[in-house]
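Protein chains in written order, with the working numbering: chain V, 812 to 1123; chain G, 86 to 704.
Just to be clear, a hint being listed does not mean it is correct.
Said to hold, decoys possible - Just some of the chain V residues that point at chain G, by a computed CB distance under 8 Å:
{"hint": "1", "residue": "Gln890"}
{"hint": "2", "residue": "Arg933"}
{"hint": "3", "residue": "Ala956"}
{"hint": "4", "residue": "Tyr1012"}
{"hint": "5", "residue": "Ile1053"}
If you're looking for bench data, these hints aren't it; they were derived computationally from the structure.
Using N, Cα and C, we set each Cβ at its ideal position, and we do this for glycine too.
Okay, here's what each chain looks like letter by letter:
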Amino acid sequence: MQLFKKTTHIDFMGQRKYTLIFSTILILLSLTSLALRGLNFGIDFTGGTIVEIGYPQPVDLSEVRTHLGDIGFQRAIVQHFGTTRDVLVRLPPHEDLDKAALSTRIIQELEVLAGTQLDLRRVEFVGPQVGKELTEQGGLAMLVALGAILVYVALRFEYRFALGSVAALIHDVVITLGVFSAFAIEFDLTVLAAILAVIGYSLNDTIVVFDRIRENFRKIRKGMAIDIINSSLNQTIARTLITSLTTLLVLITLFLIGGQLIHSFSTALIVGVLIGTYSSIYIASATVLALGVSKADLMAPPKEGAEFDGRP
Amino acid sequence: MVNRYPFWKNLFIVGNLLIVGFFAIPNIYGEDPAIQILASRGSVVDRKLEDELLSALQAAEIIPKHIQRGTDRLLVRFPDTEAQLRAQDIARDALGSDYVVALNLAPAAPEWLTDLGALPMYLGLDLRGGVHFLMEVDVDAAVRQAEERYVKDLKKRFQKERLRYRTVKRIDTQGIEVSFNDSALRDRVYDLIRKEFQDFTVEERDVNGEFQLILALSELATRELEQFALQQNITTLRNRVNELGVAEPLIQQQGENRIVVQLPGVQDTARAKDILGATATLEFRAVHEGDAELARTSGRVPLGTRLYPMREGGNILLKRQVIITGEHITNAASGIDQESGSPDVSITLDGKGGSDMDAHTKGNIGKRMAVVFIENKVETLKIKGENVRKRRTIAEVINAAVIQGRFGNRFHITGLDGTEEARNLALLLRAGALAAPIEIVEERTVGPSLGKENIAMGFQSVVIGFCLVLAFMVFYYRIFGIVADIALAMNLVMIIGILSMLQATLTLPGIAGIVLTTGMAVDANVLIFERIREEVRNGNTPQASIHAGYEKAFSTIADANITTLIAAVVLFGFGTGPIKGFAITLSIGIVTSMFTAILGTRAIVNLIYGGRRVARLHV
Chain V
812 MQLFKKTTHI DFMGQRKYTL IFSTILILLS LTSLALRGLN FGIDFTGGTI
862 VEIGYPQPVD LSEVRTHLGD IGFQRAIVQH FGTTRDVLVR LPPHEDLDKA
912 ALSTRIIQEL EVLAGTQLDL RRVEFVGPQV GKELTEQGGL AMLVALGAIL
962 VYVALRFEYR FALGSVAALI HDVVITLGVF SAFAIEFDLT VLAAILAVIG
1012 YSLNDTIVVF DRIRENFRKI RKGMAIDIIN SSLNQTIART LITSLTTLLV
1062 LITLFLIGGQ LIHSFSTALI VGVLIGTYSS IYIASATVLA LGVSKADLMA
1112 PPKEGAEFDG RP
Chain G
86 MVNRYPFWKN LFIVGNLLIV GFFAIPNIYG EDPAIQILAS RGSVVDRKLE
136 DELLSALQAA EIIPKHIQRG TDRLLVRFPD TEAQLRAQDI ARDALGSDYV
186 VALNLAPAAP EWLTDLGALP MYLGLDLRGG VHFLMEVDVD AAVRQAEERY
236 VKDLKKRFQK ERLRYRTVKR IDTQGIEVSF NDSALRDRVY DLIRKEFQDF
286 TVEERDVNGE FQLILALSEL ATRELEQFAL QQNITTLRNR VNELGVAEPL
336 IQQQGENRIV VQLPGVQDTA RAKDILGATA TLEFRAVHEG DAELARTSGR
386 VPLGTRLYPM REGGNILLKR QVIITGEHIT NAASGIDQES GSPDVSITLD
436 GKGGSDMDAH TKGNIGKRMA VVFIENKVET LKIKGENVRK RRTIAEVINA
486 AVIQGRFGNR FHITGLDGTE EARNLALLLR AGALAAPIEI VEERTVGPSL
536 GKENIAMGFQ SVVIGFCLVL AFMVFYYRIF GIVADIALAM NLVMIIGILS
586 MLQATLTLPG IAGIVLTTGM AVDANVLIFE RIREEVRNGN TPQASIHAGY
636 EKAFSTIADA NITTLIAAVV LFGFGTGPIK GFAITLSIGI VTSMFTAILG
686 TRAIVNLIYG GRRVARLHV
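Excised from the complex, chain G in its bound form (with noise of 0.2 Å):
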């Protein structure tokens, strides 16, 4: 037995030590504490922008630490939190609403690092304080509301046939019951709907004298008008997100009609429910071709009009009747036009968007018409100590295009600059059609001050821990005690690494897992050090117990670790947040503590007592 690891083990051991301590290595410098500046509808993020703020800040007296500019944002660093509080006030006085001003950790660590992709840990919400919502979206409402259009569809259609139904009326439940006096109508009626609307299933009913057909949504059209509204709600929660000026937002369906919203650093949780909580429609409206800049610097507009600005800056004036409003979208999706191969949105009306429309293409042909986006918010603001609500009405001009011909519930918007405009208009039009009821089901909100202080005592109880054991080890184990430390080591350090690599996020039940794992990850040693003392106590030789106490400790080891595993994995698998979070770090601690306490020990005893005469082991 010479106990010696070949050269090239050598060199795995450390090139995985080396490669995932590198990823550890931006934890060591922390985050400055930064103000992000994004562009909105159409600004610039520019050199003079950089002086404007500049020059801002002068003036308060703040000093940046770091400005650095991308292309559609700045990130501006400050030496403490005080400073980028009051920064970001002043930052948003200056540039106005154009811009989003976000509060932001930004690693300190050097630029070299951070473009290699070597990135600090992820904090979750309650390490860095935030907010977490669970929204329910109301997708029967959704589907209810879906009925409502088609019951007045239907009617319409019928009347267009001339075909005399009795009534046509939504079922309390679910479907649509529509009735007739004689049977060979309702089989003309029935034909018409299998091939017309496909969406629903049909029934014939005979009730006391009344020929019915009973509709109901296919599972597939359910289905996807769910999966319509849950989306809706997620494009428009995502626009009011942009709005609120958070750094790193996560939206986000969870199971089938739910959405978590992630706001990490927003501190204003009542402003946050109030923005998310807002409701937005739309209006087509004709353009009028007066001089909108005219009207605006004179304060006075032509008679039946109003003047409304536009989303990417200036503004126009609209006639005060409204052609239809955004309840009658059905659908909107962003393409290309088949005719000239440019991006296109395609909009689908309900029956009474439809002949709404019809009515005005007919004689507006050449003539613009504009989409309006109104969000209805409500505020809280705090007047003088006061919380006061108030409401406020946003209207603003997405798209204005040319009628090119006469056109009913179905027509498209063409002559976007691109694919990401058509996609936006899309979003846009979708969020602001009737979407589903949404509710806060679950909250979370962990203050700034709390976050702070859960950092510390993770990181205080994972020193202590930590140290406690190191001690231990050593004293129980001497010489074979350092070597189960010096593992120890490399073992944290190598989940720093991987979870900073991963940028899993670490919570503070993670943190937890983290001095579990420290705890339990001894076990390895202890099973092999106990193996060799046997073995020596059996009279064999050092070497000869080194060898078998690692053979021989490896499949127990093994086995324990993997049920372990299995625990860890169904944690992760049933968990949310923050116990996701324990089973991220529990999990890479077990495999990490298997690599360093196996191999790298092994590795360690080997250089000390490899390959040369031993009298006695300490251990």
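The following block holds chain V by itself, in its conformation from the complex (with noise of 0.2 Å):
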């Protein structure tokens, strides 16, 4: 089978305007969500208590709600996790309790408030500081990741290329933390992972028809730079929709059965594909086509390419 019968000769970049005129939209009411909603961070980030715990039979959450005001964690948010047997109980950082102790505490009452022994079957808690640490060092990973992928691309090819694939890389990267600030998922350090995954993701697709974009402008003799990049587009269109396919089938999976604690994970992964593919079309080769890229530019020495010629 397949996608498309003949190579296709759609006018990607003459869509460029609309596309740039829609990113821009996207990016826009991205940091407005980020701006006024913020991010819905996980206790790894904000530092807290997060204690789940599974009952034998459903069970009624205003209940554990008002004995757990009781005894005094009137800020605990109580909510189900996956099914109506689990229970979420998530505590901000406390300043002057035995943090440690805390969710010692909290199975206790509850197990009094249930007449029965119950299963714990999580705790986290991480204290402000680390949680500062972590927000610290995520930031960072996802700088240093950018900046040697941008170094990365700009040896391998030329800055224009670099820098068009960095584009798309914030682009996807903004447009995946508005959705996740629009609808306020939860953002814990799988989130992050899962977005430096989309990163290497999406560069793995920009840098695709990257390829085929200087193959063709040292193939082809004439030609405008925007027909030669529409074309590289058009011969690369198959490949990159059956490769974003065959990914979102296995997300998809992930999502559907990876269970509770991966959801924001393959969420974030399942955005990020979405986006990561489109920008890769729309995006990265537009900001080449703008920054002026030219044939004289891929000249490079004829070596290039030849020490990996002889490979299978």
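Using the supplied hints, reconstruct the complex from the two chains, each of which is provided in its own coordinate frame.
Take a look at the structure:
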């Protein structure tokens, strides 16, 4: 089977005005949401305590809430997690209490309330200081990844391509963050990992297109830059879509059956892959075009690429 | 274009697969719930112990699957977790406190495999259940304590030299202030400090008629103190964790002032926190050479003495009066005695400790002195379903040595059995000294039920995601799709094999990483196959198309994968715990997928199409 019987001739770059507007709107919306609502940071970043408890039968949350309120945990957020037999108690960072003992106390109290032994499924406690460090490290990781990629692409291609790919990456990251902000999906460490994976994935896509653009620039003697980029995009479109499709297949599987714990993680990747596919077609190439790439820029020494010859 | 691989290349591919595949095998067998019995405090693991345990288990109608006896441990496997948990209780009751009984998961792979070093993947805490603590050591407090000690030392020293100081005190922030009435005196002290207290940098200061010296611990000394405080805490934690009965604990320094403690399989976190948070002290006491056994059996001890258990077994009578306590120990290190050449432990005391020791040793040469290790613990016990917190103090004699001569703040303990014992004693001496306060700053506990669920869900998503991609590839690329599927299967085996070989920790995000690479691994094949289609469309012969397809796609694949690898490596560098797990599987997946998707598929394609006339490609 083939997605396209022949090589397509879609005028991708002709649409760049519209996609630019579309992307700008998305980015503005994302930034607005990030500025106004911020991210729904998990305790990895804010510090605090999470206790997940399994009950033998479905449990009424309001009862749990009242009880926790009575014993001084007014600020506890109580919700179901996955099933109605699972209860998640979330506490903001405490200043005065013995932090590590907090979780023990909650379980004991809830066991008294339920009158039976409960299944302690998970405790997460992150001190405010650790949370702050994780946030800093996370931000730094993102910057280092972007920087390292910028350098690699600049070395392998040319600085315009590096800028193009990084523009696409920032586009993807901002919009993915925007989605997390707009829908108040919890942003924890795994989501941060997912976003770094999105950076890797989106770049993967972009590089494939860039590779073809470079190849075509060297091969096709005549023709405007815009035409060459267009035909490069057309030549790679089948691959771009199919790889995204297979990746999305597994991601949706993860989302549906991977469990509650990696829900946010798979959401980030699904959003990221969708946006990344779009950006590698429209944003990265359009940036390269806007920066005025030309044939002469890519006439690298003939040795280039030869290093890989003779491989399979 | 003949599209044939030379024999060596096929051999290389098959060889790689076989080797890595071999290491993946243990994963098929899974793991047995087991209990591990470790000898502690001089007890032995022998045939007798094995029989004892077996009869206890038989009495409770538990039949172990397999028992394995090592030099210092017994590993008993059970058919299910229920039997394992019951057996743990029985073993604890039957064997007493001389043995540590820990829950464990033992690889169920046949012995010849494990002997060759092939072990199943190492599961992270989120998959097997357990506790992760990040503890922060208050190193500033350690420095403050050190300064307090120095203040005492300095005062003593000045008194001894008859140097009339006005005040010696700690400065609130950091440092020590010494003030005098005249500057000549100050100059003498300045010289003294430069000569004898080299850990300090000294500055002179005149404040309304007072002549002062400001002492600050040098950076090197501060760092040593901090490092010492950290090591001390690690040692203490290690001793305590041993008591918890954890099969494979991890206790490690992280950063400058933190300690990671990971206790796989521990379910009772309240108890773990209690034990880790216990405090320990040391006391030096004179030995009363009475008959300790008689005292124990009769229950009557000589006047002014107390009966103490020895760590190695047996009992000893000690005088009630304490010579010095552990807080006066500033350092303890194991080494080799210069004179006898046998292992020893050298101990440094602070000023007060030194003078007390001097006073005692002066009149007690030839008599024995004992070191008592005292631990204060708060335990949470379940009594009739209620949690009761109980304080418990355990005191044991860790060493009793003959005083060879009069000594002060530096002395050696010799006559130890070996370097191992010397090292342990030094550790205990340090652990018992007043350690810097420690606080839990991060905790991640995963209960066993959630761990099991995570494994099940992770496994399911790998299988389903994998099958979906397989189906899609066959549907879309037909014969080439089958080839890609074979490569994908090889890739999965390789990822598992390499993870098992490295014994890298597999976490839930790590499984997600495997799923993700499954989706992304086909990318290389998609690139190649699309390229082949293109070549066919351009009117090239099938053989030339295959050749060109692989050739042209290669640099693209390399570029694309290297950039993803960069992201994965950065992730690895910055991530902790579960995130690292994701970075590992992602990185391994990228590398193996390049091997299987390029070399692997090419070898198969060559076998199918190579060296013959091909009219049409099923791509």
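For each hint, the structure was consulted:
no. : hint    : verdict
1   : Gln890  : violated, 17 Å
2   : Arg933  : holds, 5 Å
3   : Ala956  : holds, 4 Å
4   : Tyr1012 : holds, 7 Å
5   : Ile1053 : holds, 5 Å
Hint 1 alone, counting from the list given before, is not met by this structure.
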